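**Q** Sequence:
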Amino acid sequence: MASDKFVLLGTEIKKGKSAVLELEVAKLHTRNSLKVPVIVERGNEDGPVLLLLGGVHGDESNGVAIVRDIIRKKYHKPKKGTVICIPILNVFGYLNLTRAFPDGRDLNRMFPGSKRGSLASQFAYTFTKEIAPYVDYVLDFHTGGADRSNYPNIRCNFDKEEEFELASAFGAPYMMHSKYIHKSIRETVHKMGKTIILFEGGKSLHLDDDVINIGVNGALNVMKYLKMQEGEVEIKQEPVYIRKSKWLRAPYSGIFESMVENGARVVKKQLIGRISDPFGEFEKKIYAPSDCSIFGLNTAPNVNKGDAIFHVSVK
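Quick note on our numbering: the sequence shown kicks off at 8 and runs consecutively.
It should be emphasised that the hints constitute simulated quantities derived from the structure, not laboratory data. Predicted model only: the values in this text are computed from it and were never measured. Check before you lean on any hint, since a few could be wrong.
Capping the alpha-carbon separation at 27 Å, the derived lysine-lysine pairs in BS3-like fashion look like this [claimed, not checked]: (1) Lys-276 to Lys-312; (2) Lys-167 to Lys-87; (3) Lys-81 to Lys-186; (4) Lys-276 to Lys-234; (5) Lys-251 to Lys-312; (6) Lys-234 to Lys-86; (7) Lys-253 to Lys-292; (8) Lys-34 to Lys-12.
Throw the hints in and build the complete structure from the sequences for me.
**A** Structure representation (structure tokens):
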């Protein structure tokens with residue numbers, strides 16, 4: 008989106024300049040307005056517009072911390088193009104340490120939104136109209152929900168070359184093929200002709216330094232790949248590519264113990280977990296169904312029959 012003039016939320020940001028803008032979420036019954044800070048940095052030269060987005064779900068703290076650290080390290084100041092940082096999109100959820108909006112809806116299932124819909128839908132509409140049209144690329148940072156921890160992975164549509172190349176440049180340990188979820192930010196942005204990839208790492212309401220560092224370095228790699236920052240893309244290891252995956256579910260209720268680390272590569276019939284009762288009379292072992300990678304793990308001490316416990320790759 009190379010142009011001499013760049014205007015966002017009614018404010019022009021000139022080359023080499025920055026701005027802290029505000030995206031209004033809602034007018035509260037206390038007459039106060041709740042607003043989302045939008046931090047914009049424009050380089051001295053023309054180039055693409057990159058959006059770094061955290062906190063779509065209010066309890067996904069790692070994503071917020073990743074965008075924070077990008078700002079703190081000043082990686083968001085590009086040599087070329089423009090970087091837009093929104094560390095916390097779902098301010099309501101973040102303040103309340105919850106995933107959803109106050110109306111109980113998942114913001115990431117409300118896009119492109121409606122001007123007269125629910126509160127979450129109206130805010131999704133505002134984002135779709137006021138932010139999304141002005142960007143070229145989006146990095147959307149997430150974590151696992153509830154007691155599920157995701158090993159750091161980047162998700163994209165493998166069949167879309169530009170997404171695949173951008174995700175490859177990110178440099179996460181795992182790359183996962185992911186279809187567009189109906190009414191998600193990712194589906195909406197894709198339909199607008201933009202390129203968006205999604206990072207998953209860690210679990211909700213938990214800060215993980217390793218996950219945060221991978222997210223920060225991945226974002227910097229993307230900026231180098233897009234020539235927004237100087238330097239070469241640095242890939243520490245060849246990623247594991249996952250075209251298909253599934254969750255293994257608990258065959259019994261009881262105390263759950265994983266016998267392998269999240270991110271492990273296991274072989275068929277390898278012991279990976281066990282479920283037992285609190286009274287020492289019952290214990291069932293869980294074995295890997297095939298040679299596979301484990302990149303999602305249930306961290307709850309107790310599980311019910313049918314709960315998802317291991318996210319594994321499928322050949």
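**Q** Take the hints in turn and mark each one as holding or not.
**A** Here is what the structure says about each hint:
1. Lys-276 to Lys-312: holds, 21 Å
2. Lys-167 to Lys-87: OK: Lys-167 and Lys-87 at ~25 Å, within 27 Å.
3. Lys-81 to Lys-186: violated, 33 Å
4. Lys-276 to Lys-234: Violated - the C-alpha atoms of Lys-234 and Lys-276 are around 46 Å apart, more than 27 Å.
5. Lys-251 to Lys-312: Holds - the C-alpha atoms of Lys-312 and Lys-251 are around 24 Å apart, at most 27 Å.
6. Lys-234 to Lys-86: Since the Cα atoms of Lys-234 and Lys-86 sit roughly 8 Å apart, the hinted pair holds (cutoff 27 Å).
7. Lys-253 to Lys-292: holds, 19 Å
8. Lys-34 to Lys-12: Not satisfied, since the Cα-Cα distance of roughly 31 Å exceeds 27 Å.
Checked against the numbered hints above, the structure violates hints 3, 4 and 8; every other hint is satisfied.
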